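J.: Protein sequences, first through last, are from chains A and B.
My numbering numbers the first residue of the first sequence as 357 and each following residue consecutively.
My numbering numbers the first residue of the second sequence as 587 and each following residue consecutively.
Rather than coming from a laboratory, the hints here were simulated on the basis of the structure.
Treat the hints with caution; some may be incorrect.
Unchecked claim - Derived SDA-like pairs: lysine to any residue, alpha-carbon spacing no greater than 20 Å straight-line: (1) A:Lys-495 to A:Ile-360; (2) B:Lys-627 to A:Lys-495; (3) A:Lys-381 to B:Asn-660; (4) B:Lys-642 to B:Arg-666; (5) A:Lys-495 to B:Lys-642; (6) B:Lys-627 to A:Gly-481.
Computed from a predicted model, the values in this text were never measured in an experiment.
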Amino acid sequence: MNNILRGRAHVYGDNIDTDRIIPGKYTKTLDVQSLAEHVLEDLDPDFRSRMQRGDFVVAGDNFGCGSSREQAPVALQTAGVSAVVARYFARIFFRNAINIGLPVLEIPDHDIAQGDELEADLSSGWVYNRTTGKTYQAKPLPEVMLRILQAGGLVNYLREHKTF
Amino acid sequence: MTTVEKMLFQKTGQRVRPGDIVIAPVDGLMATDTTAPGAIKAFEKMGGQRVWAPEKCALVIDHAAPAPNERIANLHRLMREFARQQGIRLFEIGEGICHQVMVEQGYVRPGYLFTGADSHTPTYGALNAFACGVGATDLAAVMLTGKIWLKTPATLRIRCHGQLRPDASAKDLILFLTGKVGIAGATYMAVEFEGEAFETMSLASRMCVANMTAEMGAKTGFVHPHGLKLPYPFEPIAPDADAEYAQTIEVDIGELPPQVAAPESPDNVHPIERYVGTPVHYGFIGTCGNGRLEDLQAAAQVLRGKRIPEGVRLVIAPASRSVLLDAMLDGTAHALVEAGATLITPGCGPCVGSHEGVPADGETVISAANRNFRGRMGNPRAQIFLASPATVAASILAGYITPPPSVEPGI
Ligand code: SF4
Numbered sequence: 357m358n359n360i361l362r363g364r365a366h367v368y369g370d371n372i373d374t375d376r377i378i379p380g381k382y383t384k385t386l387d388v389q390s391l392a393e394h395v396l397e398d399l400d401p402d403f404r405s406r407m408q409r410g411d412f413v414v415a416g417d418n419f420g421c422g423s424s425r426e427q428a429p430v431a432l433q434t435a436g437v438s439a440v441v442a443r444y445f446a447r448i449f450f451r452n453a454i455n456i457g458l459p460v461l462e463i464p465d466h467d468i469a470q471g472d473e474l475e476a477d478l479s480s481g482w483v484y485n486r487t488t489g490k491t492y493q494a495k496p497l498p499e500v501m502l503r504i505l506q507a508g509g510l511v512n513y514l515r516e517h518k519t520f
Numbered sequence: 587m588t589t590v591e592k593m594l595f596q597k598t599g600q601r602v603r604p605g606d607i608v609i610a611p612v613d614g615l616m617a618t619d620t621t622a623p624g625a626i627k628a629f630e631k632m633g634g635q636r637v638w639a640p641e642k643c644a645l646v647i648d649h650a651a652p653a654p655n656e657r658i659a660n661l662h663r664l665m666r667e668f669a670r671q672q673g674i675r676l677f678e679i680g681e682g683i684c685h686q687v688m689v690e691q692g693y694v695r696p697g698y699l700f701t702g703a704d705s706h707t708p709t710y711g712a713l714n715a716f717a718c719g720v721g722a723t724d725l726a727a728v729m730l731t732g733k734i735w736l737k738t739p740a741t742l743r744i745r746c747h748g749q750l751r752p753d754a755s756a757k758d759l760i761l762f763l764t765g766k767v768g769i770a771g772a773t774y775m776a777v778e779f780e781g782e783a784f785e786t787m788s789l790a791s792r793m794c795v796a797n798m799t800a801e802m803g804a805k806t807g808f809v810h811p812h813g814l815k816l817p818y819p820f821e822p823i824a825p826d827a828d829a830e831y832a833q834t835i836e837v838d839i840g841e842l843p844p845q846v847a848a849p850e851s852p853d854n855v856h857p858i859e860r861y862v863g864t865p866v867h868y869g870f871i872g873t874c875g876n877g878r879l880e881d882l883q884a885a886a887q888v889l890r891g892k893r894i895p896e897g898v899r900l901v902i903a904p905a906s907r908s909v910l911l912d913a914m915l916d917g918t919a920h921a922l923v924e925a926g927a928t929l930i931t932p933g934c935g936p937c938v939g940s941h942e943g944v945p946a947d948g949e950t951v952i953s954a955a956n957r958n959f960r961g962r963m964g965n966p967r968a969q970i971f972l973a974s975p976a977t978v979a980a981s982i983l984a985g986y987i988t989p990p991p992s993v994e995p996g997i
């Protein structure tokens, strides 16, 4: 997977739940494009028109709380989001994101602002804010998650290793 | 050791501490029509041919059942075909909500490590099982390997002192506690509930409590097994006296009045007084939180012989076929329908906004569900209050938020 990511930050607040990332009424599908079409639609109706491939979604506390729907990280990934940065994540979202190969960076003290240009190095966990010149260190992932993410997700990991 | 540490010790032989990563064998798994299609696809992409143990797997069609459109009908077909090929039990439309069915049908038992592709899987903590919710790809991995990797959670202990007032139910208690802990207050943690009030609680009420640990961000939750009665013998797993907790919360619950969670978060909880008089349009009783027989009975007690007024409506989705049958037998269903309630298919009903009762713009819903996030029931321009089944019934009868009769707050 690509270890250096670059893009602009789309910043949201605390406790963004999965119903806000992708409402339950859209989740019953295997068509990932249709998920991307509705991602964040109520929270930020302009997100789809403003965002460019490779951009970051940046949030406060407890991003992705609520349901277990993997459709939430899939919708973000399919829409072109390269990674999600948050102060911390809800646990199922965190697992789901890694499992589908969407990098998640937990930075407890970040002060990233709307539109900041970010650069993230996934191998070291450093995030560089090109707009402000600040750098942040993301919390390291547990070994097993790192292996899954490096494989590009749990499907690839298990296709190769057959078991944990 | 805490409950969760003991259970992981039994499963893996390792003495674990919070934060330790273990790879543990799983005793059962479940996926629904929201998560199974993705899990099946991921399983196939992993190169999966046969699931690791078909008899330990279950698929449940409950979230959008019967299918409201052709897209979902085809997802249901995919589940049926996969279940047939793999020899997995599929619970059809109308059999009930995944969590209710897993408990009723014995797919989960005390001491099990169970993974469900649904966030309310911690409900089985009522049954003294370690159950956590996972996403579709994680579930596919369990189908393939029979194992899951887990980070050992730290434990938040909640000790409740006193017994609940007669007008306060398990739902009022867990709403109150969710408000206290907060939507993220138990993130990554296990929650243990203890106290005399739990010892006399029915399994249904215990499930209602464990259910909403999901709303605290927890990985799993346990109601102490003291007093738990099950139709088969079991070895309860309780924490050691010297177990180490990340935090202990002590609360007196003896004076707890009925509670509501106001829009738009299940931790926005207040005593009902604050909202008495708020007009409501639509009541909903059901879900894996409060769709069981005692919940329907509580509503029937309020509604029996009365008539739901014009301008409001009440939708009731029993948690399972077995709940519906019991409610038919004891007259509960009759009383509810006679009062003007609409009984719908046992299953999730309108809980997640997929079908069977989406609120209109500007409407206020009073619901016995567990989540009231914006847009949860399919319309971001409606607002949802959460309350006990008795409060929902009383409020629908009045047309505005009000506590169950004969027990006005403060009296
Ligand atoms: S009843 Fe609601 S909360 Fe429970 S499993 Fe179904 S959709 Fe989820």
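J.: It remains to establish, for every hint, whether it holds in the given structure.
T.: Going through the hints against the structure:
no.	hint	verdict
1	A:Lys-495 to A:Ile-360	holds (17 Å)
2	B:Lys-627 to A:Lys-495	violated (31 Å)
3	A:Lys-381 to B:Asn-660	holds (16 Å)
4	B:Lys-642 to B:Arg-666	holds (17 Å)
5	A:Lys-495 to B:Lys-642	violated (36 Å)
6	B:Lys-627 to A:Gly-481	violated (31 Å)
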